[in-house]
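Those protein sequence lines, which keep their order, are chains E and P.
Per the working numbering, residue 1 is the first one in the first sequence, and the count goes up by one each step.
Per the working numbering, residue 1 is the first one in the second sequence, and the count goes up by one each step.
Calculated from the structure, these hints are not laboratory results.
Treat the hints with care, as some may be off.
Taking lysine-lysine pairs in the DSS-like style, the calculated list, with each CA pair at most 30 Å apart, reads [what the hints assert, rightly or not]:
#1 Lys211(P) to Lys336(E)
#2 Lys237(E) to Lys186(P)
#3 Lys502(P) to Lys458(P)
#4 Lys345(E) to Lys458(P)
#5 Lys347(E) to Lys502(P)
So these bits of chain E aren't anywhere near chain P, every CB distance computed over 10 Å [unchecked claim]:
#6 Gly37
#7 Tyr174
#8 Ile243
#9 Ala281
Quick reminder that beta carbons are idealized off the backbone N, C-alpha and C, glycines included.
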Amino acid sequence: MALTHPNLISRFSELGINDRATVGGKGANLGELARAGIHVPPGFVVTTTAFERFLAALDPQGSIRREIEQLAADDLAACTRVGAEVRARLESAALPEDLQERIASHYAELHKRTRFAEYTEPVAIRSSATSEDSAAASFAGLQDTYLWVRGADSVIEHVRKCWASLYAVESVMYRRRLKLSEHGLAMGVVIQQMIDSRCSGVMFTRSPNTGDRSVVVVEASWGLGSAVVSGEVTPDKYAVGKITGEIVNRTVSSKLRQHRPNSGGAGVIDEEVPVDQQNAACISEDELHALVDIAKRVERHYGCPQDIEWAIAREFPPGENIFLLQSRPETVWAAKDATPVAAPKSKPFDHVFSLLGGGAAKK
Amino acid sequence: MGADGKTHSFTLPSQLADVLGTEDWQSMYPYYTRFQPEDDQRFWFYNAMHFPEPMPAFDAITAEIPYEALGAFTTRIFVFPTTMGIEHRIVNGRIYITANPVTDPTEIQRRLAIFRERAGYYYENWNRLFSEWKVRMENLIHELEAIKVPRLPEFDDAEVVMKAKGLGQNHYIRENFHRVTELFSKMWHHHFEMLMLGYGAYMVFFDFCKKAFPETADQTVARMVAGIEVLMFRPDDELKRLAKLAIEYCVDDLFSADCDAKRVLNALRARGEPGRRWLAELDKSREPWFHMSTGDGFYHHHLSWNDDLSVPFAALPRYVEQLRRGESLERPTERLKEERGRIIAEYRELLRSEDERQAFDQMLGLCHLVFPFVENHKFYCEHWFTTLFFKKVREFGALLVANGVLSDAGDVFHLQCVEIESALADVSLAWAGGGKPLGAAHWRPIVEERKRIVEKLKEWNPPPALGPIPPAINDPALQMLWGITSETLESWSATVEAGHEKEIVGFAASPGVVEGIARVLRNVNDIGQIREGEILVCPVTAPSWGPVFGKIRAAVSDIGGTMSHAAIVAREYGLPAVVGTGQATQRIKSGQRLRVDGNRGIVLILD
Numbered sequence: 001m002a003l004t005h006p007n008l009i010s011r012f013s014e015l016g017i018n019d020r021a022t023v024g025g026k027g028a029n030l031g032e033l034a035r036a037g038i039h040v041p042p043g044f045v046v047t048t049t050a051f052e053r054f055l056a057a058l059d060p061q062g063s064i065r066r067e068i069e070q071l072a073a074d075d076l077a078a079c080t081r082v083g084a085e086v087r088a089r090l091e092s093a094a095l096p097e098d099l100q101e102r103i104a105s106h107y108a109e110l111h112k113r114t115r116f117a118e119y120t121e122p123v124a125i126r127s128s129a130t131s132e133d134s135a136a137a138s139f140a141g142l143q144d145t146y147l148w149v150r151g152a153d154s155v156i157e158h159v160r161k162c163w164a165s166l167y168a169v170e171s172v173m174y175r176r177r178l179k180l181s182e183h184g185l186a187m188g189v190v191i192q193q194m195i196d197s198r199c200s201g202v203m204f205t206r207s208p209n210t211g212d213r214s215v216v217v218v219e220a221s222w223g224l225g226s227a228v229v230s231g232e233v234t235p236d237k238y239a240v241g242k243i244t245g246e247i248v249n250r251t252v253s254s255k256l257r258q259h260r261p262n263s264g265g266a267g268v269i270d271e272e273v274p275v276d277q278q279n280a281a282c283i284s285e286d287e288l289h290a291l292v293d294i295a296k297r298v299e300r301h302y303g304c305p306q307d308i309e310w311a312i313a314r315e316f317p318p319g320e321n322i323f324l325l326q327s328r329p330e331t332v333w334a335a336k337d338a339t340p341v342a343a344p345k346s347k348p349f350d351h352v353f354s355l356l357g358g359g360a361a362k363k
Numbered sequence: 001m002g003a004d005g006k007t008h009s010f011t012l013p014s015q016l017a018d019v020l021g022t023e024d025w026q027s028m029y030p031y032y033t034r035f036q037p038e039d040d041q042r043f044w045f046y047n048a049m050h051f052p053e054p055m056p057a058f059d060a061i062t063a064e065i066p067y068e069a070l071g072a073f074t075t076r077i078f079v080f081p082t083t084m085g086i087e088h089r090i091v092n093g094r095i096y097i098t099a100n101p102v103t104d105p106t107e108i109q110r111r112l113a114i115f116r117e118r119a120g121y122y123y124e125n126w127n128r129l130f131s132e133w134k135v136r137m138e139n140l141i142h143e144l145e146a147i148k149v150p151r152l153p154e155f156d157d158a159e160v161v162m163k164a165k166g167l168g169q170n171h172y173i174r175e176n177f178h179r180v181t182e183l184f185s186k187m188w189h190h191h192f193e194m195l196m197l198g199y200g201a202y203m204v205f206f207d208f209c210k211k212a213f214p215e216t217a218d219q220t221v222a223r224m225v226a227g228i229e230v231l232m233f234r235p236d237d238e239l240k241r242l243a244k245l246a247i248e249y250c251v252d253d254l255f256s257a258d259c260d261a262k263r264v265l266n267a268l269r270a271r272g273e274p275g276r277r278w279l280a281e282l283d284k285s286r287e288p289w290f291h292m293s294t295g296d297g298f299y300h301h302h303l304s305w306n307d308d309l310s311v312p313f314a315a316l317p318r319y320v321e322q323l324r325r326g327e328s329l330e331r332p333t334e335r336l337k338e339e340r341g342r343i344i345a346e347y348r349e350l351l352r353s354e355d356e357r358q359a360f361d362q363m364l365g366l367c368h369l370v371f372p373f374v375e376n377h378k379f380y381c382e383h384w385f386t387t388l389f390f391k392k393v394r395e396f397g398a399l400l401v402a403n404g405v406l407s408d409a410g411d412v413f414h415l416q417c418v419e420i421e422s423a424l425a426d427v428s429l430a431w432a433g434g435g436k437p438l439g440a441a442h443w444r445p446i447v448e449e450r451k452r453i454v455e456k457l458k459e460w461n462p463p464p465a466l467g468p469i470p471p472a473i474n475d476p477a478l479q480m481l482w483g484i485t486s487e488t489l490e491s492w493s494a495t496v497e498a499g500h501e502k503e504i505v506g507f508a509a510s511p512g513v514v515e516g517i518a519r520v521l522r523n524v525n526d527i528g529q530i531r532e533g534e535i536l537v538c539p540v541t542a543p544s545w546g547p548v549f550g551k552i553r554a555a556v557s558d559i560g561g562t563m564s565h566a567a568i569v570a571r572e573y574g575l576p577a578v579v580g581t582g583q584a585t586q587r588i589k590s591g592q593r594l595r596v597d598g599n600r601g602i603v604l605i606l607d
């Protein structure tokens, strides 16, 4: 094995944004963030090479890919049937043994490395598609995320599930509609220490409402971020000036639902937020400013506005309790930036004539 | 209220009732300040920023003459395309105003052509014109100072004969009183000569920032505009200088807390050389820097520091104490400049194209060009000139007292300007005819009645606005100066919602959140009441409150926008401030515990 060492697994610390092709967008981004010194829960990625090997072992003739490519984009019945067959094959096949060992040892390493031992065992497992997270097109929402997974066997099982999700009927039909080639279609799988978050949310280094680049908009709600991302709660909302740090807007909402890890076992529980917390702000002003600082660093690192997922860990001390789970370039306003707000004029005071001219002066 | 329960209109002017026992208030003001039936069709708002108290009869001239001058420059001289002047009305002693917009596109075009040429000339030559302006204004001030109030001796001076002047002293009563009001009018014309153009430059930059950075707070934009070296800080700086000198000359022991100005001055005179030296330095500071009004120049009782040394002397002990403790009193101007530079550079960097950056540079450059005038004119006009003006009128009041017409010089401010002329004519006639003025019997009862009325009118809570709510208020000048937008009107018209009785919303003028005890000051003369660490709640903060800002924890005002002086000073002192609340002084009581959130513009009553 050592001679033809294929890169089956990469730790975040070994990855950067240019590794998108081998670990998928999510994995590459997490690696990039970790490398930039941003606090992300430790983890690793099962690479696309591992997927290719798994698929090659399972289907040496490449029949699966051919069969998919022959599906008509509008043939729902066929897409559903073929997709289900492929998923069943993928989910029931054993992974190559060396891969299983490596996943298990990296999982164990993750476990050992963390100081807060009792919180290291659970991991989040997320698919990381190679075409995902790019500014142009997005598979977002078409792949799976599994939270609070515990134990090596379960981790391995969920890796298979992630891979199988490539063949979910929506994904298949999406690719058929865009006439994308199945060859080279691959997926990395991110396995990351799972944070039991007191609260979590998203933040935008460019206002999603107005496109204002001078504010960071932070949305926050109780519990795991899945409740915010899925739109099940109306989060608290803040807008903070990037340059002066002042809070220009603050809306504390009624947050009725929260996601919590199933403390006894695996998975996540969707429950009602305790009544006394529903209308309480879920982050402090200090935490807000710390989040904004991180958002600014991430934006500066990437050189363009970012949409970021974050979490504040329940049992970690302040200063160490904020984690980023994801960052991707903002795409909505980036597409609207064509018209400039103003152009220089021959004399500075010509601007006065434009404004006070009641729209009559265009020169 | 409409049938559906929604507010479509504020109270109409015609619906306002007189305050019981003040039915004769109309006699204090000219006929052209009264609401007319057709005024019910227009939107008016209470100009509490400039006129937070009922107007004594004479003081109404501080609305009349400024609005004459303002309108002349916008409507007739520079010919602003979309706006003419401001009309004002007085009801129950309070001044309501409305702006006259130009909306016809053809008319706007026609006006714009003229405006371009004329405004362009001023912008193009701004610095030269401002230098000349200062000279003109100082000359005007010296002219005012030089005006003599005649003494009316038993026999006129021999000089009238020997120099063949051919004019009796009593002529100068008429001429010199006229001169005083004429110069006041000239001052106000000069005041508006450049001011509205200055605001035009601000408006352009604020408008740009609203488009480029829609969620950025106005106070942040204001921080980019505001200059650091501002005349209005100078009087306060002079106090700091004098505090330093007191220690240097070893006379600082005289400046104990609650020291009395007169007693300190006497003690200094008894201190030999060090005392004399300090007094000489005091005299240097007084001319002109103590011509600082305790208000903002719209009421006769806003005396200057020179008129009433107790105001500056109330601040001195604190500065002396701070210096003794080794604290620096210097304004951190370098740090402020650096911070402003950083903010500007970072906003500029966020712009998306070189074109936008160039436009940004032009607009901000224009703001920085006009800022010194916009900020510094206040010292010349509202403070230096105006306090001398009231002092001069008071001297004519003293003449009326000397001739038995009035019993106190200050009573003169309870007569309209034309009534003073009339009373002076009475004195002049009596002196010439050898008889007695008839004014005592006529004016004294009127003055007493008006004093009573003004006092009584203070009990009235003027509604913030009157008449139909306009579909949209987009006038940037109203927003810049008075902080009035459609949202403000909405909050004014909304009845206090259940659960929000303790929340007062205004403009976030200076960032930060603090808690503290409220001190509600309706009148600037009560400034001495404020204690260390309290939160100042007032109708409007005036620039001369500078020394107070060192004491207080936060400031809340009824009226004011982001470029109002209160906002500028609060930002400079790093104090949270919420301005333009419309009703803080009505809803907050002294002694209540408040939380002032200058980031969001919210004041919470915690008790």
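Status of the hints after comparison with the structure:
1. Lys211(P) to Lys336(E): 14 Å, holds
2. Lys237(E) to Lys186(P): 53 Å, violated
3. Lys502(P) to Lys458(P): 24 Å, holds
4. Lys345(E) to Lys458(P): The given pair, whose Cα atoms are some 51 Å apart, is violated under the 30 Å limit.
5. Lys347(E) to Lys502(P): 49 Å, violated
6. Gly37: Correct as stated: the minimum Cβ-Cβ distance to chain P is 22 Å, above 10 Å.
7. Tyr174: 32 Å, holds
8. Ile243: 4 Å, violated
9. Ala281: Holds, because the least Cβ-Cβ distance between Ala281(E) and chain P comes to about 13 Å, which exceeds 10 Å.
The structure does not agree with the numbered hints 2, 4, 5 and 8 stated previously, though it agrees with the rest.
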